[in-house]
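Note that the protein sequences, when read in sequence, are chains A and B.
Taking the working numbering, the leading residue of the first sequence gets 1, the next gets one more, and so forth.
Taking the working numbering, the leading residue of the second sequence gets 307, the next gets one more, and so forth.
If you are wondering where the hints come from, they were derived from the structure by calculation, not from laboratory data.
Positions of the beta carbon are idealized from the N, C-alpha and C atoms, including for glycine.
Hints are supplied without guarantee of correctness; some may be wrong.
Unchecked claim - Each pair of labels, with its calculated beta carbon distance range:
1) B:Arg505 / A:Arg298: 43 to 49 Å
2) B:Val402 / A:Leu225: 36 to 42 Å
3) A:Leu25 / B:Pro509: 21 to 27 Å
What the hints assert, rightly or not - Partial chain B-side listing against chain A, Cβ under 7 Å, derived:
4) Leu336
5) Thr341
6) Phe344
7) Tyr353
8) Thr354
9) Ala414
10) Phe420
11) Glu438
12) Val440
13) Val547
14) Tyr548
15) Ala551
16) Ala570
17) Val574
Claimed, not checked - Heads up, simulated SDA-like pairs for lysine to any residue below, C-alpha to C-alpha not over 25 Å straight-line:
18) B:Lys456 / A:Ala39
19) A:Lys201 / A:Thr222
20) B:Lys456 / A:Phe54
21) A:Lys201 / B:Trp334
22) B:Lys456 / B:Asn379
23) A:Lys201 / A:Leu225
24) A:Lys201 / B:Arg589
25) B:Lys456 / A:Ile26
26) A:Lys201 / B:Leu336
27) A:Lys201 / B:Ser483
This is what each chain is made of:
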Amino acid sequence: MALTALAPAGAGSSGAAPERRRGGLIALALLTPGLAYLALFFLVPFISLLMTSFGINVPDQYGVFDYGFRWENYVDVIAAYWPQFLRSFWFALLATVFALLIGYPIAYYIGVRIRERTLLRNLLLVLVIAPFFISFLLRTLAWKQILSDEGPVVSVLHFIGLMGPQDHITGTAFSVVFGLTYNFIPFMTLPLFATLDRLDKRLLEAGSDLYASPRQTFFRITLPLSLPGIVSGTLLTFIPATGDYVNASQSFLGSSSTAMIGNVIQSKFLITVNYPQAAALSILLMAVIVVIVSVYVRRSGTDDLL
Amino acid sequence: MTTIEASTATAPFARPNPVRPKIGLGRWLLPTYVTIAFVLLLIPIVYTFVFSFNAANRSNISWNGFTFDNWLNVCSQADVCVAFGNSLIVGGVSTVLATALGTAIAIALVRYRFRARSAISVLLFLPMATPEVVIGAGLAAQFLTAGISKGLGTIIIAHTMFCLSFVVVTVRARVLSLDPALEEAGRDLYGSPTQVFWRITFPLLLPGIIAAALLSFSLSFDDFIITYFTSGTVQTFPVYVYVAAQRGIPPQANVIASAVFLIAIAAVLVFQVVAAARARRRRA
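Chain A with its partners taken away, still in its complex shape (with noise of 0.2 Å):
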């Protein structure tokens, strides 16, 4: 993951030649108290994260433990919440195609179709945008209501008889992936839109002038050509949908059948305070996105994340 995007501009000039020496002083000066905190408060709770992972509870005292190293723990975790685990990748994954198969025909029409109409492009993009600007907490409450079995829509499907008298939506896996997808599309949307603005059409012009069907000219010009946004744009929806609890969790769209990483962590974390098995399991599930960040990162050709 070599994060080679951080090219110097600029710093080629002869003016600055002179100015180099003093350079590190000023450099360190404006580096250091940034990245003392992130070190301060992103990697040292990353290392207490560790160290609590191979903690021993004391037996009949609720939420306390010794650091110790039990490594047990992550063989109990693993034996305990493989499922959980496993329908954290699986939903984030549905997610992560639903909202690009949502997201990229938006961008791509934002983008490209309508790039001239200038008026009708902002205005698109704001709307894009727009769910930003409201709770997402709400946004999926709002979901859940017109979803629910009161809502209009199962009452319409009752109708039809498209689901019997019951069947739900709200609870099941369908609604937790249709509120990630649903929360994720603006993060999809965004990066595509980035790189398909940029895209020359005149390229798309020289496929069709030698003959390129729309579909190849697609599939040949546009689509590679919007890698690196689809890229970042996955990457946006399938880190943060694998370790979100809210759509899941049960006062949403979830049940307790469908819960997901998140959830267990939340609640080991937070209500039953089993503080070992919470951190392994928050470090294995990061173990697990590096990984696979890593081998996606590289098999798509793209380095350059920052």
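Assemble the complex: chain A is given as a structure, and chain B must be docked to it using the hints.
Here is chain B on its own, set in the frame of chain A:
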């Protein structure tokens, strides 16, 4: 479509306009699909807005009739207002901190060469690639180990941390787009490094810094997962909604969310109109 195929069959090199007819199918398919997607995207927003006018008390689930009372007496549900106030405090303070720290890093990354560059990039990238539960659990574990009691302070610490990387990315793009010749001109005209920075660099960076600050604020304002791990008994607006969801959310929460939404959208629209007017004036 058929006429085009016929014409290409007879005279393959005389296609009058090769692009236009091929879009035929997609011309309606794509806009229809996009329209449906937008309707889907906006339904919950409209729902939240409509139900802010519902004459309901604690649980705002079924429609009880139209009223303005919720808008006029937002703070009749005191805890909604307290939570909203906390969100503003947290968003404001952590935005200032993250923007200051992040801007400094962004400038240093673009303008100076140093060794640990790739390690630093990884350190900046990791918080964005880490699921929020893990960040939340990590901070909670650290506060637990260090014996720090959770509250507004710990929420601000957490929010500053996760906003920082986003500020660096946003401001860095702006620093990269700066023309070094402008600063060089400043130095040629005997401007001291401080003068060059405050008179040339900073004003040029300002749009990027403002964008980063707005991004930070909206990230902080809407964050729930990390906040829930670091908040203790203090409630921000999203935490309030999450906790209240178990027993029913009063319409006042919808009022606050809708009001914030309307203000944000109005600000975006005003900004776009101003930018469009400025562009037109420049062209004229």
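Right, here's what the structure says about each hint:
1. B:Arg505 / A:Arg298: 43 to 49 Å: holds (45 Å)
2. B:Val402 / A:Leu225: 36 to 42 Å: Holds, at about 39 Å.
3. A:Leu25 / B:Pro509: 21 to 27 Å: Given a distance of about 25 Å, which is inside 21 to 27 Å, the answer is holds.
4. Leu336: holds (6 Å)
5. Thr341: violated (10 Å)
6. Phe344: holds (6 Å)
7. Tyr353: holds (4 Å)
8. Thr354: holds (5 Å)
9. Ala414: holds (4 Å)
10. Phe420: This interface hint holds because 6 Å falls under the 7 Å limit.
11. Glu438: holds (6 Å)
12. Val440: Result: holds, 5 Å to nearest chain A Cβ.
13. Val547: holds (4 Å)
14. Tyr548: Where the cut-off is 7 Å and the nearest Cβ of chain A is about 6 Å from Tyr548 of chain B, the hint holds.
15. Ala551: Given a least distance of 4 Å, the restraint on Ala551 of chain B holds.
16. Ala570: Because about 4 Å separates Ala570 of chain B from the closest Cβ in chain A, which is inside the 7 Å limit, the hint holds.
17. Val574: holds (6 Å)
18. B:Lys456 / A:Ala39: It holds: about 20 Å lies between the C-alpha atoms, which stays within 25 Å.
19. A:Lys201 / A:Thr222: holds (9 Å)
20. B:Lys456 / A:Phe54: Holds. Lys456 of chain B to Phe54 of chain A sits at ~24 Å (cutoff 25 Å).
21. A:Lys201 / B:Trp334: holds (20 Å)
22. B:Lys456 / B:Asn379: violated (31 Å)
23. A:Lys201 / A:Leu225: With Cα atoms ~11 Å apart, Lys201 of chain A and Leu225 of chain A stay inside 25 Å; holds.
24. A:Lys201 / B:Arg589: The hint holds at about 24 Å.
25. B:Lys456 / A:Ile26: violated (35 Å)
26. A:Lys201 / B:Leu336: holds (18 Å)
27. A:Lys201 / B:Ser483: Holds, at about 23 Å.
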